[in-house]
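Number of protein chains: 2
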Amino acid sequence: MQKVFKMTTPATFDPLTLTFNEAGLIPAIAQDADSNEVLMMAWMNADAIRKTLQTGRVTYWSRSRQSFWIKGESSGHVQELVDFRVDCDRDCLLVIVRQTGPACHTNRRSCFYTAVRDGDETELMSPMI
Amino acid sequence: MQKVFKMTTPATFDPLTLTFNEAGLIPAIAQDADSNEVLMMAWMNADAIRKTLQTGRVTYWSRSRQSFWIKGESSGHVQELVDFRVDCDRDCLLVIVRQTGPACHTNRRSCFYTAVRDGDETELMSPMI
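Protein chains in written order, with my numbering: chain A, 1 to 129; chain B, 1 to 129.
Be aware that one or more of the hints could be misleading.
One copy or two, either will do: identical chains are not told apart, so a pair holds if it fits within one copy or between any two.
Calculated pairs, SDA-like style, for lysine to any residue (alpha carbon to alpha carbon, straight line, at most 25 Å) [stated by the list, open to error]:
no., residue 1, residue 2
1, K51, E22
2, K51, E121
3, K51, T114
4, K51, A23
5, K51, L124
6, K51, G119
7, K51, T122
8, K51, V116
9, K51, Y113
10, K51, D118
Keep in mind that the hints were calculated from the coordinates and are not lab data.
Please take these sequences and the hints and turn them into a complete structure.
Dropping the structure here:
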């Protein structure tokens with residue numbers, strides 16, 4: 001009797017099971033794996049998700065430049081993917097990352113450095129040196 | 001000489017200084033003040049922001065119902081506002097909250113309970129009892 005070999009293929013997550021907006025984008029929140037700080041929010045399309053999962057380097061879609069945005073490619077402030085999460089409605093992502101340097105283009109650790117308290121805006125952190 | 005009294009009015013944050021999308025909405029990420037967990041992401045319009053700041057009860061705009069969504073109003077799973085943050089581009093909000101019960105409509109603490117690991121989806125948390 002001929003031996004039957006069962007071929008096993010590695011599981012592959014299909015980004016098209018997610019819900020994208022009318023521009024084909026989904027919001028992605030980046031959270032620091034060590035400090036738990038929320039660092040930034042940006043957008044991904046299906047291909048940016050594939051690249052992020054394949055390379056382990058967080059890759060967004062730049063709406064202003066209409067191109068992939070491999071976070072830190074020019075600045076060196078890369079985001080190494082630690083965990084990739086999907087929300088209950090499958091229309092928002094949470095990427096847990098190891099952030100090199102500041103996440104914000106203003107050179108601050110997080111983009112959320114402004115608090116609104118008693119009707120006034122307060123700056124919570126300074127740019128990193 | 002007549003005495004001049006200087007009237008001081010309390011500072012008031014103007015939501016219209018923020019950048020809203022074409023539907024008049026801005027994404028708002030809710031993070032737990034104690035555990036630092038990212039709980040959910042939903043949307044606010046200018047009036048939902050005003051209500052959130054005035055009442056201290058986090059209020060979103062429900063896109064499906066096209067109405068205010070005072071989080072927890074029917075379920076009791078309210079979000080008490082601890083801090084209100086704006087990002088560098090003023091097009092995303094981070095609300096730090098004290099969450100009563102689960103934040104997710106599936107009864108889980110956070111909406112981000114699914115991880116994608118090695119191409120497979122894994123459930124990270126069970127519904128709360």
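Comparing the hints with the structure gives:
1. Taking identical chains as interchangeable, the C-alpha atoms of K51 and E22 lie at most 25 Å apart only when both belong to the same chain, with a minimum of 21 Å there against 29 Å between chains.
2. For the identical chains of this complex, K51 and E121 are inter-copy neighbours only, at 17 Å across copies versus 37 Å inside a copy, given an alpha-carbon limit of 25 Å.
3. Taking CA atoms no more than 25 Å apart as the test, K51 paired with T114 passes between copies only; the shortest distance there is 19 Å, against 31 Å inside one copy.
4. Proximity of K51 and A23 under a CA criterion of 25 Å is satisfied intra-copy only: 19 Å inside one chain copy versus 30 Å between copies.
5. When the C-alpha separation of K51 and L124 is checked against a cutoff of 25 Å, the pair qualifies only between copies, where the shortest distance is 23 Å, while the shortest distance within a copy is 33 Å.
6. In this homomeric assembly, K51 and G119 come within 25 Å of each other (Cα to Cα) only across copies, at 13 Å, whereas the closest approach inside a single copy is 42 Å.
7. In this assembly of identical chains, K51 and T122 lie within 25 Å of each other by CA distance solely across copies; the values are 20 Å between and 37 Å within a copy.
8. Within a single copy, K51 and V116 get their C-alpha atoms only as close as 36 Å, which misses the 25 Å cut-off; across copies the closest is 14 Å, which meets it.
9. In this homomeric assembly, K51 and Y113 come within 25 Å of each other (Cα to Cα) only across copies, at 22 Å, whereas the closest approach inside a single copy is 29 Å.
10. For the homomeric pair K51 and D118, the shortest alpha-carbon distance between copies (14 Å) is at most 25 Å, but the shortest distance inside one copy (43 Å) is not.
In summary, this structure violates none of the numbered hints.
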